[in-house]
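Visitor: One letter stands for each residue in the lines below.
Protein chains: 4
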Amino acid sequence: MGSIWGTLFRVTTFGESHGAAVGVVVEGFPPGLRINEAGIQEQLLRRRPGQSSLTSPRREPDRLRILSGVYRGRTLGTPIALVLENKNADSSAYRELTHVYRPSHADYTYAAKYGIRDPRGGGRASARETAARVAAGALAEQFLLDRWGVEIVAWVESVGNVGSRVVSQSVDRPAVDRTPVRCPDLEAAREMEALITGVRKEKDSLGGVVAAVARGVPPGWGDPVFDKLEADLGHALLSIPAAKGFEVGSGFRGTRMRGSEHNDPFFMKQGRVCTRTNYSGGIQGGISNGEPILVRVAFKPVASIFLPQQTIDDEGKEVELLLRGRHDPCVVPRAVPVVEAAMALVLADHALRHFAQCGI
Amino acid sequence: MGSIWGTLFRVTTFGESHGAAVGVVVEGFPPGLRINEAGIQEQLLRRRPGQSSLTSPRREPDRLRILSGVYRGRTLGTPIALVLENKNADSSAYRELTHVYRPSHADYTYAAKYGIRDPRGGGRASARETAARVAAGALAEQFLLDRWGVEIVAWVESVGNVGSRVVSQSVDRPAVDRTPVRCPDLEAAREMEALITGVRKEKDSLGGVVAAVARGVPPGWGDPVFDKLEADLGHALLSIPAAKGFEVGSGFRGTRMRGSEHNDPFFMKQGRVCTRTNYSGGIQGGISNGEPILVRVAFKPVASIFLPQQTIDDEGKEVELLLRGRHDPCVVPRAVPVVEAAMALVLADHALRHFAQCGI
Amino acid sequence: MGSIWGTLFRVTTFGESHGAAVGVVVEGFPPGLRINEAGIQEQLLRRRPGQSSLTSPRREPDRLRILSGVYRGRTLGTPIALVLENKNADSSAYRELTHVYRPSHADYTYAAKYGIRDPRGGGRASARETAARVAAGALAEQFLLDRWGVEIVAWVESVGNVGSRVVSQSVDRPAVDRTPVRCPDLEAAREMEALITGVRKEKDSLGGVVAAVARGVPPGWGDPVFDKLEADLGHALLSIPAAKGFEVGSGFRGTRMRGSEHNDPFFMKQGRVCTRTNYSGGIQGGISNGEPILVRVAFKPVASIFLPQQTIDDEGKEVELLLRGRHDPCVVPRAVPVVEAAMALVLADHALRHFAQCGI
Amino acid sequence: MGSIWGTLFRVTTFGESHGAAVGVVVEGFPPGLRINEAGIQEQLLRRRPGQSSLTSPRREPDRLRILSGVYRGRTLGTPIALVLENKNADSSAYRELTHVYRPSHADYTYAAKYGIRDPRGGGRASARETAARVAAGALAEQFLLDRWGVEIVAWVESVGNVGSRVVSQSVDRPAVDRTPVRCPDLEAAREMEALITGVRKEKDSLGGVVAAVARGVPPGWGDPVFDKLEADLGHALLSIPAAKGFEVGSGFRGTRMRGSEHNDPFFMKQGRVCTRTNYSGGIQGGISNGEPILVRVAFKPVASIFLPQQTIDDEGKEVELLLRGRHDPCVVPRAVPVVEAAMALVLADHALRHFAQCGI
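Protein chains in written order, with the numbering used here: chain A, 1 to 360; chain B, 1 to 360; chain C, 1 to 360; chain D, 1 to 360.
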């Protein structure tokens, strides 16, 4: 279980890291939309390993194949199946890991849950699975942009201790992609790159924070009680591998403010209801208020490091582990399109949900 | 939409703050379990307003009525309907708010979504709705304790700038309930109380952080990809009114650590797989590893303050708002049982999901 | 499980026959609709026992109580909880049945499934549960009529061997209710009544067929593959207690026709696509085509008879059973509003589903 | 929507008839089961066109490709993606149908719903889609057989007016496959074949009834109220293209019996609860009682005939239609494995559901 997501815009992903393919079926996509296949491919390339010296050298072409749901460039309203073959998988490094539980990986928990696991490249727990989400998310983005003009932009806010300053109202993807580290604050980006390069040499790894904004979401999306927009965004973003924390609007910092300071006063601007501040992060009572939706996601340092580690094997024997293979020292630059995809999926689903109940 | 939650342990809540009743239907509850009605009632009393000088004086008896699903004290396996009548609702203070959008409340977003709203006490957006979750969560806790020995404890970790130190391995509910502020660090608790009392006098409000632990969860609960245990916990906890952030294990702090430091080394202890540290927060690859599950939730300062505020009415006219009525200056002490309930619901659902797929 | 139904128009029912109450929560109902409470009550009265000499004498007032989701007569878009207290339950007749498995009842299967059961009045398996569906269905009907002008009418087509002739294009509820047996063919109705009266005297019971039509459903409702409109209608109608068969359009009779005879030729009428015959029953490829939707449901003879029966108890001992209590000799007249409710729920759900995906 | 099915054993299908591929993702499959790929392939071959002179000559190799979820022949517990490329699609015959609505096909309803359709081979509405279900159903069957010894057998009970006599307690697949018409009553089979051959020559088509039995289902599967086992079976079987009716146990015939005749008396046999008759069809109160589960499905005559037909095009103009292409004169022999697959999916899902709630 766990590989199906959504109420109306429903996504089913499949695939192990070193199996035949990863893929996704998008169900419930509205009919008649002209699909920009190159746009999907572009987001896949932004997620792909081997983009720069900062990332893993696995070189997947990630050539998307659309198996169904699109006819003469337009969506049919039927399920859209997208498949990416696994071409560049190198399972040799994993042979010796067949019986070892790597620390802070999913080896032990999968074994405990299923009694069987595919040890090659992390199997289903591999971040390769996120390629499928990125493909589905890119479809969702095209729908959101086409129908509502919604724009989603994510960027690296911090790597380790290196923070940055970014203006969420105006940041765009070209600014984000100006550096391989995907931080639009260029000075901070340089520091982050230096930090990553250094830590890679030390055979260690780093974490960081990805921030994101969705601009143009109309008021009224999201549902009360359990399916608040921030709860569904949190769910989607916390399901990205290595995510350990989530904030909307003021987040944890907001807990140290007074109500008089934190409340966002309403006012009218060109006939539209606006708020003077946006500590709410664009969501009130679980429903969008028309302001930009602001979120942040914490990613832990990559678990795959090249330093010796103490661990156990599947018989409980203590072993020393020295990893080989291809791993990013810091995952956050490649997490940027994954965060965008997750937001797009949540917003597309809530767009349909809203119109189902309130649009007629 | 949004009022149904869960895959197998399914919860449907209903009710407006000043309507006839709030309630919940729990579907999928295993048969044959002896229900401790007093235990449910106790959690409701911990959530109830009017417990101390720190909380709102609305005095709901919150007398639980079980309408179905229990026969001679045991569950039948059929839906369990729990109802709480609204007895002490005082709608008079809301008459003047019928057309005003209170800042950082859900008045505007509900109006934008539905075109109609119940202005009395926040209607469906009221925190009174959480009473239904607490009742359902208390049922879930009884199931988890009876079958698995799982224990869930939440506490107030910080109020405004006042933090605390609590040992998550051993903290229990009596320790939490020693002070009305529900912080088991007694020194910190005194500071928090003083802070709340002071801010109440200033007609302002405070936020804070609630931490929680689930001990005794066996390895193997949780699902890969979209329904990772931390994602579902994040979803449930972020759906609590006023929640703005969520962390599991190392959270945002973990982003500033190196992999060599953050990885949790495995070792064997009394024939059981354990980790020496628990930065993972008891979850790896979305699946429990047998260690305590550790989470934190950020709550913003209460939006209802008694200072004058600038806002607009539903015709877009600027108005000055001066709230009357009954409101907590700080919601976190009463959020403690709500956090426990949300965790219990997620864990009970994943317990059933795990046994459905892997238990046979 | 099994007590929640629907994708967008979601219904959760609860309640045992002799418990405190039966009820239903309707989630996803569109906001702003003026609710006709008397209309719901009327359908409940049509389902109620004790209406005539043909039905069981249990005299439930079935006074509906709306606990939430309606404010000043209009729906809020939040869950609508409807409750019917059980007032006239007489459990005395069931004391001796605590350990006996009544033939063709659910006593044994509930015991086998749950290991526990409420023996009073059939517990959750009682047809009293359908009162909740009728209430929810009446709400759905009001939505369908208000927004789309959809009209649903069911009637008794046969009782035992007595058939009837009814014109589905024009039949209405007043015509159906002209006789207590709810067959609008008055001659057939008289025969049916005589048959029922005779069989009741023989302490035996009868089955029959209920037919139904939905007129005014626009083209386009229903979904391909698994959620075809006829599949969802079949699901809803076959979930009514005692249902053993379902037909749409030509049904089993159609299997004996040739394609050239069965195909419904298209033609235009006043700018609208129509078919000259309607063997399809208003559905093609799982999607409504604008013609009347025609279904039939087979109900087995009532399992509760007053003749001695051989059976076993819960220890496997053979016993002779002689039922007492209050039971209808033929359930079909009271099944009429239940069939209407089930159709209304399916159509309302598919209306919302259609507009979610294709309406924007 | 409509292409995802199931609560725990969840199936997502995709693919248009003349698109790149059809396929299915099976989610929730238990881990550790040894998969018999040849067994899946065999059911696909039984469904495949071009098997005999009775069926359409489209010659798809239907070579199954497993993209995920299986490692070294065993299931991983992760999604199993199965893909069948479309190799032998011949779209030429459909060019002239781009704007015509074929009678009793889904052309008009798809156009009405989606505003766009793939006219080649019926697109998503093609029976080719059922290949995906058969693949998923074959997996479900292997699970049911391996864990519970459940056996499912379907056969052709009637074609047009030609009926048959078959003993459901003992019929097996070799007996069914003895004739191309898949009726195990050999005399009836001969008549059916003669009828089909004759009607093919007349360029017309036939319908028929498929009957099926599931033997070895333990007592306790199925859920009360909405998800009764017969309701879910009805749903699955009525979602097969061309299905117009469904019966469980006594079906419509049962409506003409008395209760005293229809009730199935309980007795003990070798320590097991049994019933002397099985008019219930193995299900009581929506839950299996351990007796064979008996169902029947009505299939209308094939809509594609080679006689001239009056219809309209998508501008409402009347046209005469003369179909070309490859079509079966009678679909029921090829429907046999589809019916088996649908039953297997429902039973596998309910097996998991039962153990989730009641098995622990």
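If you are wondering where the hints come from, they were derived from the structure by calculation, not from laboratory data. Computed from a predicted model, the values in this text were never measured in an experiment. Certain hints may be false.
If chains are identical, the list can't say which one is meant, so a pair holds when it fits in one copy or spans any two.
[Stated by the list, open to error] With a straight-line cut-off of 20 Å between C-alpha atoms, the simulated DMTMM-like cross-links for lysine to aspartate or glutamate are:
| id | residue 1 | residue 2 |
| --- | --- | --- |
| 1 | K201 | D313 |
| 2 | K201 | D177 |
| 3 | K317 | E37 |
| 4 | K203 | E261 |
| 5 | K87 | D204 |
| 6 | K203 | E191 |
| 7 | K201 | E191 |
| 8 | K203 | D313 |
| 9 | K269 | E202 |
| 10 | K201 | E261 |
| 11 | K87 | E42 |
| 12 | K87 | E191 |
| 13 | K317 | D177 |
| 14 | K269 | D314 |
Visitor: Given identical chains, is K203 near E261, meaning Cα to Cα at most 20 Å, within a copy, between copies, both, or neither?
Guide: For K203 and E261, the Cα distance is within 20 Å only across copies (12 Å; inside one copy 45 Å).
Visitor: Given identical chains, is K269 near D314, meaning Cα to Cα at most 20 Å, within a copy, between copies, both, or neither?
Guide: between (63 Å within a copy, 14 Å between copies)
Visitor: Up to 20 Å between alpha-carbons, please classify K201 paired with E191: within, between, both or neither.
Guide: within (16 Å within a copy, 47 Å between copies)
Visitor: If the cutoff is 20 Å on CA atoms, where do K201 and D177 land: within, between, both or neither? Let me know, please.
Guide: Neither way: K201 and D177 sit 24 Å apart in one copy and 50 Å across, limit 20 Å.
Visitor: Using 20 Å as the alpha-carbon threshold, which applies to K87 and E191: within, between, both, or neither?
Guide: neither (34 Å within a copy, 54 Å between copies)
Visitor: Classify it for me, K201 with E261: is the Cα-Cα distance of at most 20 Å met within a copy, between copies, both or neither?
Guide: Between. Shortest inter-copy distance 16 Å satisfies the 20 Å Cα cut-off; intra-copy 45 Å does not.
Visitor: Could you place K87 and E42 in one of the four classes (within, between, both, neither) given a Cα distance threshold of 20 Å?
Guide: Answer is within; shortest intra-copy Cα gap is 18 Å, inter-copy 30 Å.
Visitor: Between the shortest in-copy and the shortest cross-copy C-alpha distance, which are at most 20 Å for K203 and E191: within, between, both, or neither?
Guide: Result: close within a single copy only, 18 Å intra versus 45 Å inter.
Visitor: Can you give me the call for K317 and D177, within, between, both or neither, at a CA distance of at most 20 Å?
Guide: Answer is neither: 46 Å inside a copy and 43 Å across each miss the 20 Å cutoff.
Visitor: How would you classify K269 and E202 at a CA-CA limit of 20 Å: within, between, both, or neither?
Guide: neither (53 Å within a copy, 31 Å between copies)
Visitor: My question is about K201 and D313: at a cut-off of 20 Å on alpha-carbon distance, are they close within one copy, between copies, both, or neither?
Guide: This pair counts as neither: shortest intra-copy Cα distance 28 Å, inter-copy 60 Å.
Visitor: Please sort K317 with E37 into within, between, both or neither, judging by C-alpha distance up to 20 Å.
Guide: neither (50 Å within a copy, 36 Å between copies)
In summary, the structure is inconsistent with hints 1, 2, 3, 5, 8, 9, 12 and 13 from the numbered list given earlier, while agreeing with the others.
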